[in-house]
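J.: Chains as they are written, first to last, in the working numbering: chain E, -2 to 370; chain G, -2 to 370.
Please keep in mind that the hints were generated in silico from the structure rather than gathered at the bench.
The model shown is predicted, which means the values in this text are computed figures rather than measured ones.
Errors might be hidden in some of the hints.
[Said to hold, decoys possible] Okay, the calculated bits of chain E under chain G, using three or more residues with CB under 8 Å as the criterion: (1) 124 to 135; (2) 148 to 155; (3) 229 to 242; (4) 277 to 288.
Don't be surprised by glycine CBs; every beta carbon is placed ideally from N, CA and C.
Number of protein chains: 2
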Amino acid sequence: MSAGEGGNGSEDGDERDGGESEAVAEAIAVRRELVDEALATRLPVAEPERLYRASRHLLDAGGKRLRPVVALLVAEALVDVEPLSEDYRAFPTLDAADDARSEDASVDDTRIDVMTAAASIEVIQSFTLIHDDIMDDDDLRRGVPSVHHEYDLETAILAGDTLYAKAFEFMLDTGAPAERSVAALSALARTCTAICEGQALDVGFESRGDVTAAEYLGMIEQKTAVLYAAAARVPGVLLGADAETVEALAGYGLDVGRAFQIRDDLLDLTAPAERLGKRRGSDLIEGKRTLVTLHAREQGVDVDGLLGDPGAVTDREIDAAVERLDAAGSIAYARETSRELVERGKGRLDALPDNEARARLRELAEYLIDRGY
Amino acid sequence: MSAGEGGNGSEDGDERDGGESEAVAEAIAVRRELVDEALATRLPVAEPERLYRASRHLLDAGGKRLRPVVALLVAEALVDVEPLSEDYRAFPTLDAADDARSEDASVDDTRIDVMTAAASIEVIQSFTLIHDDIMDDDDLRRGVPSVHHEYDLETAILAGDTLYAKAFEFMLDTGAPAERSVAALSALARTCTAICEGQALDVGFESRGDVTAAEYLGMIEQKTAVLYAAAARVPGVLLGADAETVEALAGYGLDVGRAFQIRDDLLDLTAPAERLGKRRGSDLIEGKRTLVTLHAREQGVDVDGLLGDPGAVTDREIDAAVERLDAAGSIAYARETSRELVERGKGRLDALPDNEARARLRELAEYLIDRGY
């Protein structure tokens, strides 16, 4: 249902400044650990144990927690606090930060559990991965068996459905004033609808030969980018940002989320299997449309003829296919498109105060397209 | 994931007064039509069309809409209005009905869309049926192919996931004050978690020989009854009933919901396939635990040996198995248990004003265990 993640390592960096890259890697790593702690606390292995073990299976297998990290950084940038200086579980709101801005006295001293909101987003992501792996019958994810392979189909469907409900429970549990909770819940529900629609479009594309690049970008907006948009929007809503800022934040998520998906499609072609945590070239084998293959088709490449029998594709065939796509300029085209999206997304952050957390969000946008896995 | 429904017709009524039975049948039928209209309006076949057609597949195939009918009747009984005299889409709250009770002036003139809340509950029910049929690989539901048979596995998973999100969208769209929306959403999310846990327990029971009747009753409370509880609780929450009344309403749902599930298990053994909308004896064939088989086992019946090869079970074998269960007193035991639950559930309605809608809710409880399909 959404983009894969897995493995470790990096490759293929560009000419960015090494210091920036280190700063964002460190910013992600330290927040990721806090997110992991929150997930462990909020999603204990309760009864029925098998169901909850299956629900935790992919969360325990790793993942970079990029979406919740976006949420945490947005909160810090918005309220303009020193990074990591505030307790994410009792985060000051904008009302408290600037009393003059507040029209509702009741929220002045409210503290928001932005960590639980961030965890909610990650739990949605994990639910979509579990159901996605069933739909694609992928047997590996993050280097471990997918949930329906490790457990069974019934348990995997139910584990996804359980996480789905838990995400809503979490989002109801941030301590935000009711109006803001309702707005956050509404964003979450609409995001889930959009993800399903995007995934259905993606599946439908596989049997169509006339998909355009514009249709593809619309599809990945729904399938992938809306969850980044929710990750950036929700803290804005909960902390009391104005409507314009909230829309700018959502726009950042939509732009960098699409860039992330395009990068993911590229990695599927170029990254080694041990870094992907799954087989390289799986999209090509499954006949999935990507910006790369859509561009290549427009250049006259017989995309459907790139590989032989899908049941017996060799790595050598994948290499040859990638060479053809590269020669057609399609890999460069996809890289360029993701670069443009990242630039636009970074521009949207002008709506935030100029501070260190905002700088990290800009770098995180770069990271999404420079990451090697 | 939850109890089956399907087909038409009736059988096996008891000695109840014929007039009461007609009154509740009429009360259900007229509200069911209104629920159908609301579902058609609120769940149009949008893009991607195939996804939304699949999402509507079981809703379009029928169903008695018992849960939303409970919600509508609870609203009428609570606010003490003449049945069908008020617009369900703009229902008066208890605050408006009794200004003296209101502590919050802002909700005095609020009107609540209880119909959309009722539709939300039915949409959750439909999502669980779609995923349930995948898990059991049932090919028929309500007399039509199940969604994964009519469409495919991918589409069925996504159709269920889409309805899941839509149910939350609906529940956010009742026009209720934010505090009450949050409480309704919280009930809905916790209900979904419980349904998943109940379904996981049900699946787990199939491989256990030592399940007790008490465990079974706990399982069906989670798998089935919690959604009846939500149907009765949510209008109480949205319309501003006090906590004690809300708990009594939820208790009614838990009692009659369990009675409904026990009746459903009985019907699986006794009702003709054309009324069930699926094969008779399917629970026996699939090795599902029910109150009937658990009781029979306690009476020394070799339940697992009642049928031969699961792939080649004849109707004659089912008949013989049912006779054995009947002879052990197990069918009578299950009937009696459901009868006790219904009586207790009816008693909980004392928390409501004494009016016609309350009388219908009492009769509806009877109907749940007397229905022939």
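J.: Does each hint hold? Answer for all of them.
T.: Now for the hints, and whether the structure bears them out:
Counting residues of the region 124 to 135 of chain E whose C-beta sits closer than 8 Å to any C-beta of chain G gives 3, which meets the bar of three, so the coverage hint holds. Counting residues of the region 148 to 155 of chain E whose CB lies closer than 8 Å to any CB of chain G gives 5, so the stated coverage by that chain holds, three being the minimum. Residue count for the region 229 to 242 of chain E with a Cβ under 8 Å from a Cβ of chain G: 0. That is fewer than the three needed, and the coverage hint is violated. Only residues whose C-beta sits within less than 8 Å of a C-beta in chain G count toward coverage, and the region 277 to 288 of chain E has 0 of them, not enough to reach three; the restraint is violated.
The structure is inconsistent with the numbered hints 3, 4, although it conforms to all the rest.
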